[in-house]
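Enquirer: Take the sequences, apply the hints, and build the full model.
What follows is the residue order along each chain.
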Amino acid sequence: MFALPNLIRFSSGEWEFKDGSIISIPLELRDKYRIEQYKKITGSGWGYSEYNYAYFSKHLPTGELLIIPGLYIRDDLIKPSKKFYGYSASLTRQQVEQSISGLAAFLSRVTEETKRELSMLVHDLRALSNAIYSPAQEAVIQLDQGNIPETRKRIETVIAAQGILRMRTDALDLAGNILDSSGNARVPIFKKIDKVQRCFKSMAINQGKSISLSGSSFNYAVGHDVFELVPYLLIDNAVKYSPKGYDISVEVSDTNNSTKFAVRSYGPRILDHEKASIFEPHVRGEAALSSKIPGTGVGLNMAKKIVENVFSGDISCTQTGSPEFIDGMNYYETVFSVVIPSGN
Amino acid sequence: MKSFMLRLFQTNANLSNYVRSTSNLQNAQSRRAAIKIAVIDDQPFLPQMILQTYGFNVVQIGDLKSVSEVNDYHLILCDVMGVGRHFGAKAQGATLISEIKKVYPEKIVIAYTGGAASDPAVQAATERADALIRKDVDGEEWAAKLDELGAASVDPHVIWQKVRQRFVELDVDTKDILVLEDAFVRSVMSGQADLSTLTSMLSSLKVGPDVRAIVQGLASSVIFSAIVGHP
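Protein chains in written order, with our numbering: chain W, 730 to 1073; chain Z, 11 to 241.
Pairs of lysine to aspartate or glutamate, DMTMM-like flavour, derived with a Cα cap of 20 Å:
| id | chain 1 | residue 1 | chain 2 | residue 2 |
| --- | --- | --- | --- | --- |
| 1 | W | K787 | W | E765 |
| 2 | Z | K145 | W | D902 |
| 3 | Z | K216 | Z | D192 |
| 4 | W | K930 | Z | E150 |
| 5 | W | K812 | W | D748 |
| 6 | W | K930 | Z | D148 |
| 7 | W | K1021 | W | D853 |
| 8 | W | K920 | Z | E158 |
| 9 | W | K769 | W | E745 |
| 10 | Z | K12 | Z | D192 |
| 11 | Z | K112 | Z | D183 |
| 12 | W | K920 | Z | E150 |
| 13 | W | K924 | Z | E151 |
| 14 | W | K1021 | W | E842 |
| 15 | W | K924 | W | D983 |
| 16 | W | K924 | Z | D157 |
| 17 | W | K924 | Z | E150 |
| 18 | W | K787 | W | E826 |
| 19 | W | K924 | Z | D148 |
| 20 | W | K920 | Z | D157 |
| 21 | Z | K145 | W | D899 |
| 22 | W | K920 | Z | E151 |
| 23 | W | K920 | Z | D146 |
| 24 | Z | K100 | Z | E137 |
| 25 | W | K882 | Z | E150 |
| 26 | W | K811 | W | D760 |
| 27 | W | K924 | Z | D146 |
| 28 | Z | K46 | Z | D140 |
| 29 | Z | K172 | Z | D186 |
| 30 | W | K930 | W | D976 |
| 31 | Z | K155 | W | D923 |
| 32 | W | K920 | Z | D148 |
| 33 | W | K920 | W | D899 |
| 34 | Z | K172 | Z | D157 |
| 35 | Z | K155 | W | D899 |
| 36 | Z | K46 | Z | E158 |
| 37 | W | K882 | Z | D148 |
| 38 | W | K747 | W | E826 |
To be clear, the hints were calculated from the coordinates, so they are not data collected in a lab.
Expert: Structure, rendered in structure tokens:
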């Protein structure tokens, strides 16, 4: 809800009028007839309309036309031809313009973020489409040649790719939803981690990388049934950023009343001051950005929200050892650790 | 005196370990075969073959025309979109779930959907159903969820919790609930598949038609034949 009265023409051509939550204009300035008059405004900028009350209009970066009608401006030389009881001049032109500029800047940022996320989604979906199509075609070829073991292997790869597609869809579905600790599903931690790393195995092999799982856990986590997105997001990150020929290891262990799992791989340098902020929304480290590997900075933030808000756990990142210079970039051993309280 | 009289009543707490002590439902595989699952969907239910391979007894019954169509099933899977057209123009899965729960509060109803979590139809179904399953989960996850909820669907302790909650919603007198609970527990403990002690007690109480319909539905449903092993 806007503070000022507003009439918006959407990209579809539809109009919507809403009175302001702070500045409300008199009924006589927002009746059906007046609204029709305001709809004739096309350009951007200041003007006068009904009873010489001012309006300000602006084309928003999202494509809509925003009109703020019926304004009684304090510093205007032209005064309204009709006054309404209780409605006085309260804003200056500058205040109105600042308010709309702030809104336009906010919408512009949201639009850019949405575009970036959509672009990333298209990228991921195409990769998954290929990860499903290629082994499926290979399975047909192997079947024609009567090679049942190889056919089976390809079909298992297709199933694994579907698993990643499903989790990518879940991540998309979950983005923007409020995550809380009200869920009561019992989630077998090890089983979920194992399943996720199995899904990624073929994709990692295709990229010349490998994934290994060690340790065990007999604990359950309690919360909304979204736990598997945590290993999904962390392993996806590791597969994406680790250099060719390197191993990604997933380690799981039970401690007193909690389960710890860690995803260890080589990754781009995370500067000390970036270690906390990489979990903030839309933040990526300098080295990750310069690697040109596509990303939105949404995944780690989602992992943190799930770990902390849904399961009351902790997530952290450490980098140790000396750098390895690979393909023109320094890589460090990077460990993302998650501790989840046991809900047994 | 009052507390002495109250101690004579059997309560649902006596049934908390009932399933663990009944041999015919301890084994997951035999439970999968014994529990009848109805699927309410206007489209073919794609995981049916996979679930049958796991040993589940799944029957697709299409869109519901009447709530009584689910009478013979322990567990109901209900699609969120495209169903409920016999219950009104705006009805969807959430409407069906509510209607089923009114008559059969004891039955476990699972909403399943391909819709987004933020979709109001999905949110409404999630609030009313016992659980939500996303359409694209794999066979392993389907099996885990159906095993967990299947066990609850034939657990008399859970069943009475749900029925009692419905009685409270219907504003049934607490004393009547106590008497009915005592009769229910005695019926189950003595292995009555038709809950005859409960139905006899019902005839002596002044309760509304909704309560009668729920108790009679409970007595005529297949749940207790699965529990006591007399199909």
